[in-house]
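Number of protein chains: 2
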Amino acid sequence: MEYVSSRDIHLSPSPVYSLVKKAEDKMLPYQWEALNDRLAEGPKSYSVRNFRAAAGEIDAPHAGAVFQDSDIFKWIEAAAYALKRERNPALEEKIDWFVSLMQKAQQPDGYLDTYYILTDISKRFTNLRDNHELYCLGHLIEAAVAYFEATGKRGILDVALKYVELVNATFGFEEGKKHGYPGHEEIELALVRLYRLTGDPMHLNLARYFLSARGTNDYFDDEAASRGDKPAWAWSVYSHRNRYYQADEPVKEMTMAKGHSVRQLYLLTGMAEVALETGDSELKAACDTMWKDITRRQMYITGAVGQSSFGEAFTLDYDLPSDTVYGETCAAISLYFFATALLKSHPLGEYGDIMDTLLHNGTLSGINEDGTRYFYVNPLECIPKRSKYSQSVFHVRTQRQPWYGCACCPPNIARMLTNLDERLLLKSGNTLYVNLFASLDTQTQLESGSVSLTETTDYPNDGSISIRINKAFHGFVLALRLPGWVQSYTLRINGQNPPCVMDEGYIYISDLKDGDEISYVLDMPARLVAAHPLSHATAGKVAVMRGPVVYCLEEADNGGELWNVLIRPDAPMSVSRDERFGQVIAAPALRQTQDNWDGYELYAPLRRPAYQDFTARFIPYRLWNNRGEGEMRVWLRLKEN
Amino acid sequence: MEYVSSRDIHLSPSPVYSLVKKAEDKMLPYQWEALNDRLAEGPKSYSVRNFRAAAGEIDAPHAGAVFQDSDIFKWIEAAAYALKRERNPALEEKIDWFVSLMQKAQQPDGYLDTYYILTDISKRFTNLRDNHELYCLGHLIEAAVAYFEATGKRGILDVALKYVELVNATFGFEEGKKHGYPGHEEIELALVRLYRLTGDPMHLNLARYFLSARGTNDYFDDEAASRGDKPAWAWSVYSHRNRYYQADEPVKEMTMAKGHSVRQLYLLTGMAEVALETGDSELKAACDTMWKDITRRQMYITGAVGQSSFGEAFTLDYDLPSDTVYGETCAAISLYFFATALLKSHPLGEYGDIMDTLLHNGTLSGINEDGTRYFYVNPLECIPKRSKYSQSVFHVRTQRQPWYGCACCPPNIARMLTNLDERLLLKSGNTLYVNLFASLDTQTQLESGSVSLTETTDYPNDGSISIRINKAFHGFVLALRLPGWVQSYTLRINGQNPPCVMDEGYIYISDLKDGDEISYVLDMPARLVAAHPLSHATAGKVAVMRGPVVYCLEEADNGGELWNVLIRPDAPMSVSRDERFGQVIAAPALRQTQDNWDGYELYAPLRRPAYQDFTARFIPYRLWNNRGEGEMRVWLRLKEN
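Chains as they are written, first to last, in the numbering used here: chain A, 7 to 647; chain B, 7 to 647.
Treat the hints with care, since some could be wrong.
Note that identical chains are pooled: a pair holds if it fits in a single copy or bridges any two copies.
Said to hold, decoys possible - Once the Cα atoms are required to be at most 20 angstroms apart in a straight line, the calculated EDC-like pairs of lysine to aspartate or glutamate come out as:
#, residue 1, residue 2
1, 645, 576
2, 394, 323
3, 391, 323
4, 27, 585
5, 298, 604
6, 394, 254
7, 391, 299
8, 394, 255
9, 298, 607
10, 258, 92
11, 298, 227
12, 394, 299
13, 394, 206
14, 519, 255
15, 168, 47
16, 394, 561
17, 90, 447
To be clear, the hints were calculated from the coordinates, so they are not data collected in a lab.
Values in this document were obtained by computation on a predicted structure and should not be read as measured data.
The whole structure should be built from the sequences, with the hints applied where relevant.
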């Protein structure tokens with residue numbers, strides 16, 4: 007299976023279109039200013055400045071994090087997806103200027119990492135564990151491939167290829183090479199992407215090497231000893247200090263998501279991509295096992311992953327606290343990437359379901375309405391005053407920020423969103439798969455013919471999806487994802503019930519003819535959702551969802567002390583259109599008051615609690631915190647009868 | 007009001023007696039071995055070794071924390087309380103040997119702190135903020151006073167007096183003196199104790215100085231600048247970096263408990279003690295305000311205080327999470343000390359109620375059944391596997407430990423327990439106050455005569471208290487504390503209802519004659535308790551209590567997944583005697599099962615939860631974790647119907 011290229015797709019207005027436009031029109035220009043240190047607020051990026059210095063254009067020391075190069079690379083990749091849809095000379099001029107800096111900064115042997123170039127290049131490749139050179143190269147490769155595919159310009163691609171040659175000469179199983187692998191995974195998936203462009207087996211083999219070597223030796227500790235450093239102390243509280251880096255066991259033996267969540271998920275995405283190319287069934291089996299662990303035991307209802315701020319890490323199965331959660335925006339994005347990779351291997355609706363969940367909840371919560379303010383941490387509960395005085399939630403910012411010293415998330419969500427049109431449809435043989443729903447026209451070549459169709463939907467505001475077959479061919483099959491949350495739906499072709507086959511979350515429709523009108527209506531009532539009884543933090547609680555969208559209560563609508571809001575299992579929920587927040591939900595609820603409580607007592611014999619009826623107003627979780635600081639809560643107390 | 011001396015009290019078997027004996031017979035010998043680095047397990051103390059080195063007896067560098075001297079001082083104080091009841095040559099020989107080390111280590115000008123003596127004494131008094139010299143001196147004074155009062159031996163007292171002279175010459179408002187105050191409070195309360203022994207106004211004035219200067223200047227920052235250090239960075243996340251030390255505002259202006267909880271409470275105890283001697287009503291008013299903030303808004307149901315592991319600190323009102331709590335044993339002990347000081351100012355039953363709560367819950371939870379294993383952190387909920395992988399509970403040890411590198415808690419609870427008999431009774435004028443209930447004989451002098459009585463009780467296992475008046479006098483008044491949790495009680499004198507007056511938590515009985523038999527029976531049913539609706543973490547939850555004792559569920563009795571246990575508001579609870587755990591409670595409860603849940607789903611539409619009836623077995627919270635590692639929980643879900 008492969009995704010249908012954005013060149014074969016023309017988006018028309020729908021929620022997906024709005025996201026793509028927001029990313030193109032607001033996020034890309036804003037982030038360019040940020041990366042060039044021209045924002046009025048927030049920490050400076052230094053990402054471009056470091057390249058200017060490394061190119062000899064200015065005299066400045068390296069500044070910012072050791073992985074600051076990756077921010078601009080991710081932004082170039084994001085911009086490239088926009089350029090693939092429509093060339094833009096002004097935007098290309100910026101990128102071409104930056105690429106000229108890269109060319110000047112690149113060392114004669116291909117090396118290119120501003121941290122070492124501007125500090126002490128003799129120390130390069132001596133701290134793979136902490137210093138992110140291979141991670142940055144991964145993002146450089148992705149930017150290079152995307153920009154080449156969008157524009158045909160080779161500049162950045164040649165830079166990447168030369169650097170990859172050096173890395174291939176430096177690392178590997180062969181004697182005389184370093185037997186290392188990255189402390190932060192990412193290059194594995196990027197090398198597969200490069201291989202698909204170049205067809206050079208070295209590129210795939212290097213990715214395979216990094217996966218095969220990982221966790222099979224004590225490279226990080228040996229490397230630390232060579233530097234005169236100690237092993238990674240900070241993570242020694244875990245059962246194995248290299249668990250944080252997923253370097254404590256061979257990748258095929260992993261069974262439970264562990265350590266730094268973005269690292270874990272980029273690794274898994276790389277494994278899935280390599281397995282696609284090599285057919286390595288053990289690698290794929292490890293991916294499947296890990297997919298289940300993450301999505302069935304370690305994922306928040308919003309798709310957020312990474313429960314612990316320490317190490318931005320996974321913790322353990324069914325440990326899903328709403329307040330102390332980390333839920334880094336990048337981690338949600340990386341789970342989305344993992345799903346996109348797995349979906350290429352097999353048409354399983356669950357992959358698209360999780361992409362849908364992530365898109366409409368745990369990734370988008372990372373940006374504000376216009377895409378220029380960002381959360382790094384995405385809690386499911388916020389009591390702002392706690393973030394000031396209680397360590398357990400110090401990491402939870404109570405307002406989105408203009409930028410971060412470690413600004414991995416903003417350009418990451420930009421590249422996810424500008425590429426959204428390439429995650430909507432897939433094709434395999436004569437089947438076209440509708441994965442994520444959006445309004446679009448597509449014309450694309452399948453095995454035995456070309457198909458053209460028009461899709462119209464306001465999903466996820468509405469569950470109606472209309473598809474007109476403009477042109478089909480004999481043998482064409484259309485597969486529509488049937489989301490796992492759907493309890494009932496109708497499917498009509500020209501007003502008739504069609505014969506169709508349902509399999510693993512897809513409805514397969516054959517015998518379609520030119521001009522057929524498909525009406526696919528997913529009933530999308532608001533619903534109460536519970537979590538698995540093994541999840542200690544959500545015991546006795548419920549969340550409100552509608553379709554793939556998780557809702558929340560905000561103080562702005564419901565007052566504070568949201569922990570005292572209860573909802574009955576049979577509460578009728580009414581959905582209405584809101585100009586600002588799309589579909590909002592109103593439901594009768596109860597608020598426990600202090601009426602039955604003597605003001606000064608902290609503890610007292612249980613009395614019948616006093617409740618007040620009120621109408622709770624829910625907005626989509628992803629849109630919380632667009633009206634200033636205030637309380638927010640996803641999981642509410644359940645009032646049984 | 008003053009506490010009746012242990013010399014006027016003879017304990018007989020009862021729960022209080024058992025605690026005193028455990029402290030004397032088990033904890034003191036065990037801790038002496040620990041302080042001399044002779045335990046087979048656990049970190050070394052170095053507390054005695056540092057003195058041997060400072061005395062020139064051995065050649066060793068300073069080891070352990072900068073405040074390690076205080077551990078042995080607290081142990082001497084604990085031992086002194088035992089010696090006050092009964093002299094013990096073997097025990098005194100140990101202490102006298104140690105005092106001889108102190109005498110050798112003391113510098114000619116009186117200075118005595120092994121950290122600076124063994125490192126660089128020229129740097130002494132240059133880092134009051136972090137380096138605990140005045141804190142250690144406070145504990146030295148307390149040990150000295152207690153040992154002198156117990157034995158009449160002046161050795162350690164003279165050491166203390168000489169050191170205090172030096173401190174008095176070094177610190178004060180006067181020009182030429184340093185205008186500093188301790189980074190960890192304790193010396194203030196100790197100096198009042200010394201003043202009561204010596205009558206030397208300098209001792210009281212020095213305590214007053216430390217309180218008056220505190221928070222009125224930028225001493226810690228100035229001192230840091232003099233050292234070439236930065237201001238206290240670690241706490242700068244708070245609104246004021248010196249908030250951690252309660253040095254951000256004058257002590258009389260404090261309104262909310264803040265920063266390091268033991269520091270805060272030792273400071274308050276010192277303020278209360280100074281106010282007792284000076285009659286400073288503003289100081290007393292600040293104590294009252296803070297008492298209310300702590301006990302009515304920042305105290306766990308067990309009496310534990312300090313919600314945040316970062317800074318071992320208070321957080322904010324009604325922020326009382328059960329899992330991420332710190333609840334240091336020392337913090338509970340220091341709240342007990344604060345209550346003991348306030349009670350001397352005014353016969354308010356609430357002070358004794360909190361002492362009772364602390365004694366039977368949040369302090370005793372710090373030790374195991376035989377007093378030789380210790381918790382530093384006392385959670386109200388424990389899911390052991392979380393402590394391994396989730397940062398928010400990394401600080402929660404799942405088993406009591408043989409010792410700690412920072413072992414402030416073990417000798418602190420020892421000195422609290424060996425002194426317990428001196429916190430039972432108070433006297434003022436012709437009134438004898440019964441504060442904490444225990445079996446005892448007492449004969450003590452009141453204003454107009456001497457009284458003798460015998461008290462017999464199994465409290466808190468049972469609510470019956472029998473008092474026989476052996477000898478009274480005209481005008482004698484007996485005041486019995488009526489705990490705030492009491493819903494009904496009977497009071498009979500020789501079988502008759504006596505005339506009596508109830509006021510502020512005490513029942514005052516006059517006209518008692520020799521031979522009168524008082525029967526005071528507090529009904530002590532098990533009860534369900536709720537917390538204030540502003541407490542987000544306990545919303546919808548209940549705890550089980552009986553008398554002052556908080557109960558918990560343990561995995562050993564009830565299986566795991568205790569978050570899925572629910573109790574009905576009207577659940578009948580039956581109390582029975584258990585050989586090991588005293589009174590245990592059985593109650594019908596519900597366990598939410600996975601029967602209505604598809605195994606693999608993490609989130610699913612709300613269905614009627616499946617419940618299983620079972621009999622929950624509750625044991626006193628203080629006795630949890632005496633049967634190996636396992637889950638524990640105090641706050642349970644309420645099943646409203």
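The hints, checked one at a time:
In this homomeric assembly, residue 645 and residue 576 come within 20 angstroms of each other (Cα to Cα) both inside a single copy, at 10 angstroms, and across copies, at 17 angstroms. Taking identical chains as interchangeable, the C-alpha atoms of residue 394 and residue 323 lie at most 20 angstroms apart only when they sit on different chains, with a minimum of 12 angstroms there against 29 angstroms within one chain. In this assembly of identical chains, residue 391 and residue 323 lie within 20 angstroms of each other by CA distance solely across copies; the values are 10 angstroms between and 29 angstroms within a copy. Within a single copy, residue 27 and residue 585 get their C-alpha atoms as close as 18 angstroms, which meets the 20 angstroms cut-off; across copies the closest is 72 angstroms, which misses it.
Only between protomers do residue 298 and residue 604 lie at most 20 angstroms apart by alpha-carbon distance; the minimum there is 14 angstroms, versus 49 angstroms within a single protomer. Only between protomers do residue 394 and residue 254 lie at most 20 angstroms apart by alpha-carbon distance; the minimum there is 16 angstroms, versus 36 angstroms within a single protomer. Taking the shortest Cα distances, residue 391 and residue 299 sit within 20 angstroms of each other only across copies (17 angstroms), while inside one copy they are farther apart (34 angstroms). Taking the shortest Cα distances, residue 394 and residue 255 sit within 20 angstroms of each other only across copies (18 angstroms), while inside one copy they are farther apart (39 angstroms).
Only between protomers do residue 298 and residue 607 lie at most 20 angstroms apart by alpha-carbon distance; the minimum there is 10 angstroms, versus 47 angstroms within a single protomer. In this assembly of identical chains, residue 258 and residue 92 lie within 20 angstroms of each other by CA distance neither inside one copy nor across copies; the values are 41 angstroms within and 68 angstroms between. Proximity of residue 298 to residue 227 under the C-alpha cut-off of 20 angstroms is found in neither arrangement, the shortest distances being 31 angstroms within a copy and 53 angstroms between copies. Taking identical chains as interchangeable, the C-alpha atoms of residue 394 and residue 299 lie at most 20 angstroms apart only when they sit on different chains, with a minimum of 18 angstroms there against 34 angstroms within one chain.
Taking the shortest alpha-carbon separations for residue 394 and residue 206, neither the intra-copy value of 53 angstroms nor the inter-copy value of 44 angstroms comes in at or below 20 angstroms. Taking identical chains as interchangeable, the C-alpha atoms of residue 519 and residue 255 are never at most 20 angstroms apart, the minima being 53 angstroms within one chain and 80 angstroms between chains. Neither within a single protomer nor between protomers do residue 168 and residue 47 lie at most 20 angstroms apart by alpha-carbon distance, with minima of 37 angstroms and 57 angstroms respectively. Proximity of residue 394 and residue 561 under a CA criterion of 20 angstroms is satisfied intra-copy only: 18 angstroms inside one chain copy versus 35 angstroms between copies.
Proximity of residue 90 to residue 447 under the C-alpha cut-off of 20 angstroms is restricted to the intra-copy arrangement: shortest distance 16 angstroms within a copy versus 92 angstroms between copies.
The structure fails hints 10, 11, 13, 14, 15 (numbered hints given earlier, in ascending order).
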